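K.L.:
Got chain A; can you put chain B on it based on the hints?
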Amino acid sequence: MNTTKMDRNKGNEQQIQNKISVNDLNLFYGEKQALFSISIDIREKGVTALIGPSGCGKSTFLRTLNRMNDLIDGVKISGDIVIDNENIYRSNDVIKLRTKVGMVFQKPNLFPMSIYDNVAYGPRMQGIKSKKVLNQLVEDSLKSAAIWDEVKDRLKSSALGLSGGQQQRVCIARAIAMKPEVILMDEPTSALDPISTLKVEELIANMKKDYTIVIVTHNMQQAARVSDKTAFFLNGEIIEYANTETIFSMPKDQRTEDYVTGRFG
Amino acid sequence: MRKAKDYFFQSLLWLSAIITIATLCIIVGFIFYKGIHLINLDFIFGDYSPSGGGGILPMIVTTIYTIVISLLIATPIGILAAVYLQEYAKQGRLIRIIRFATESLTGIPSIIYGLFGAVFFVTVLKMGMSIIAASLTLTIIVLPVIIRTTEEALKTVPLTYREGSLALGTTKLQTLYKVILPSAMPGILSGIILSIGRIVGESAAIFLTAGTVAAMPENIFSSARTLTVHSFLVTQEAGDIELAAAVGIVLIVIILILNLSATFISKKLNKADY
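First to last, the sequence lines map onto chains A and B.
In terms of the numbering used here, the first sequence opens at residue 7 and continues consecutively.
In terms of the numbering used here, the second sequence opens at residue -18 and continues consecutively.
Honestly, the hints are just simulated from the structure, not real lab data.
Remember, predicted model here, so these are calculated numbers, not experimental data.
Check before you lean on any hint, since a few could be wrong.
[Unchecked claim] With a cut-off of at most 25 angstroms between alpha-carbon atoms, the simulated BS3-like pairs for lysine-lysine come out as follows: (1) A:Lys102 to B:Lys159; (2) A:Lys135 to B:Lys159; (3) B:Lys159 to A:Lys138; (4) A:Lys137 to B:Lys159.
So here's chain B without its partners, still in its complex pose:
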């Protein structure tokens, strides 16, 4: 009887694992099946033509713009905030409130951020529908992610490292810079990878702040269309599932490349330290 139970439980574990992997495979497989025949160099590197056909280069460029700008702003602020919360602030009520706030922020649906961005950045700050307005909105979305993961990473750095360093007559800043941050780097990087995923996957908030102009953006103050928004619109307006799937393939590949390079950098950094 006990053996049967064990067997049953094991099958359950297997089943869950298989369902998870199968779902992933089916989704990716479906997208590739639908879209792969549209993928070619012209599609990826060609300019968009409103009359149909043409490439998606403007959307790729817009997507990369939003990733770079929002990370450039969110990463330093997020890391510094996490360092303050974890290493400098006296643990007390205020800190608990701040933590609760950052945690709550990660749970808010992105459309709410989008509405805020549309009102604040686009209208009040008069940025108009633009890449910069969207990037700032995305910054707010990923900031709590970066703060949380950096805090977790800092927590895993053993107290003995701090003690060892401080006992050698170093300042707190030196200890932070030379011992704590390097040890926490892999965790911080995984937070940044998560953020890239969030940024690339975002559509609602960008739709409301960057607009839908399907043309190569002239600069970061232009209104433009990211890959996800494009994918949404071609399905919505033209009902063109195949084109949307092809865009999806490009998205998956971009995320894959970014994740792999982040993992690679993190390994490199580790090797330099160990």
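Excised from the complex, chain A in its bound form:
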């Protein structure tokens, strides 16, 4: 933790461990290239924000980190993504990767099941059957997602009866239940009202000591509020990547400055 603080103060990146290393990543949808030679190191623990105008490839990039792009026909990828010294596109164990790298989506996508079943879904699919273990896991996950108090009396009722903000936090609990090391968030608050957004942001701030969080956001204030480092994407390239304060106070690139000051995007 000390090193993290020192790092933020000095802007020195050597002292923290990198969780994810991306090197010269190119991605094509059929003939159309969507990502151009992306290279970025993402630090362990803490929050890394990906900002940029829509269609600039930030969500596409996020989805390469847990290989969700595999679901789309015609996606071709070159380059390396290394998570914990393992090249995730060389290994074929997508299941293991997705267990380690969880994801929260733009819109809450709980299954039409009870709240309990939603959170227990992942662990159950891993083969955990013990009621006691599952109960504990569900409770811990919901507590970590700061939603336990709101749902503890209605665990057996439909998850779809919750408000959007509550659903999104249950989605986060569902991801946490897998005990992931990395959590990817794809504009997790874009479908939420301001109060729910605030709750989710608080949650992210609390989670960053335990998880490596990569968050895509449209909302620059949000990036400034929750993240430690920020990468600015434009037209499938990373224009600038630095400490969040630097990006927002003294960006090096003119385009970054134009974007964060609201001149386009």
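P.N.:
Okay, now just chain B, sitting in the frame of chain A:
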């Protein structure tokens, strides 16, 4: 002027709706009017007597046999085929051809299937005129219905469910089994209900494959007569419209019961999930 147009158009809509409902009411009313006085316990649960009178139990049993056997075969095959087409197959030319084929199959008149069944199952496979030959023919008739409706049902399952499940490190099979199929269940069930309607309503194809023996079938290899075939024959041979109408009432009631129970099951399933 615009108001008049609006009024005119609305009346047209009303008229169409009324014609539709009235047709249904008139048909059902006519059948009940003609046949209801013949309905009693002896008629429904009595064995058939060739000399006239007697019940239609053999036909009811034969009808239920054909429903159960053809659904037992067609449902699993149809659902698996639809899952393959929708979830596993790479969308391309082959899949488009298969889809086109299943769509065309739903449009073929049933007498053609009947002729095929009469040649293939009855003669080539030496099943003879039998319930099993008829059920297999019916299986082919309802298979495309089940495949199409299951595919449509699978299409309505949001992509976000699949993503949500796969992102939790589940396999494709787990996602299919735990998330996709349960969500698609109401649609799949409505396909099965449609199929029951098709099976119960079929006469030409059964006539050619199961024959017309008006006796209690000993087993599924016996030749037998379903309700629709019976209804056709009593009108054709004896000109007995009233008896045919009474059979019609029984048919309507059977279909009603099956549909209601399918809807009930589908609601139950939904509740278990939501």
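K.L.:
A separate judgement is required for each hint: does it hold in the structure or not?
P.N.:
How the hints compare with the structure:
1. Of the pairs offered as hints, the one joining Lys102 (chain A) and Lys159 (chain B) holds, with about 19 angstroms between alpha carbons and a cut-off of 25 angstroms not exceeded.
2. In summary, the hint linking Lys135 (chain A) to Lys159 (chain B) is supported, as the alpha carbons are separated by about 15 angstroms, within the 25 angstroms threshold.
3. In summary, the hint linking Lys159 (chain B) to Lys138 (chain A) is supported, as the alpha carbons are separated by about 22 angstroms, within the 25 angstroms threshold.
4. At most 25 angstroms may separate the alpha-carbon atoms for a hinted pair to count; Lys137 (chain A) and Lys159 (chain B) meet this at roughly 19 angstroms.
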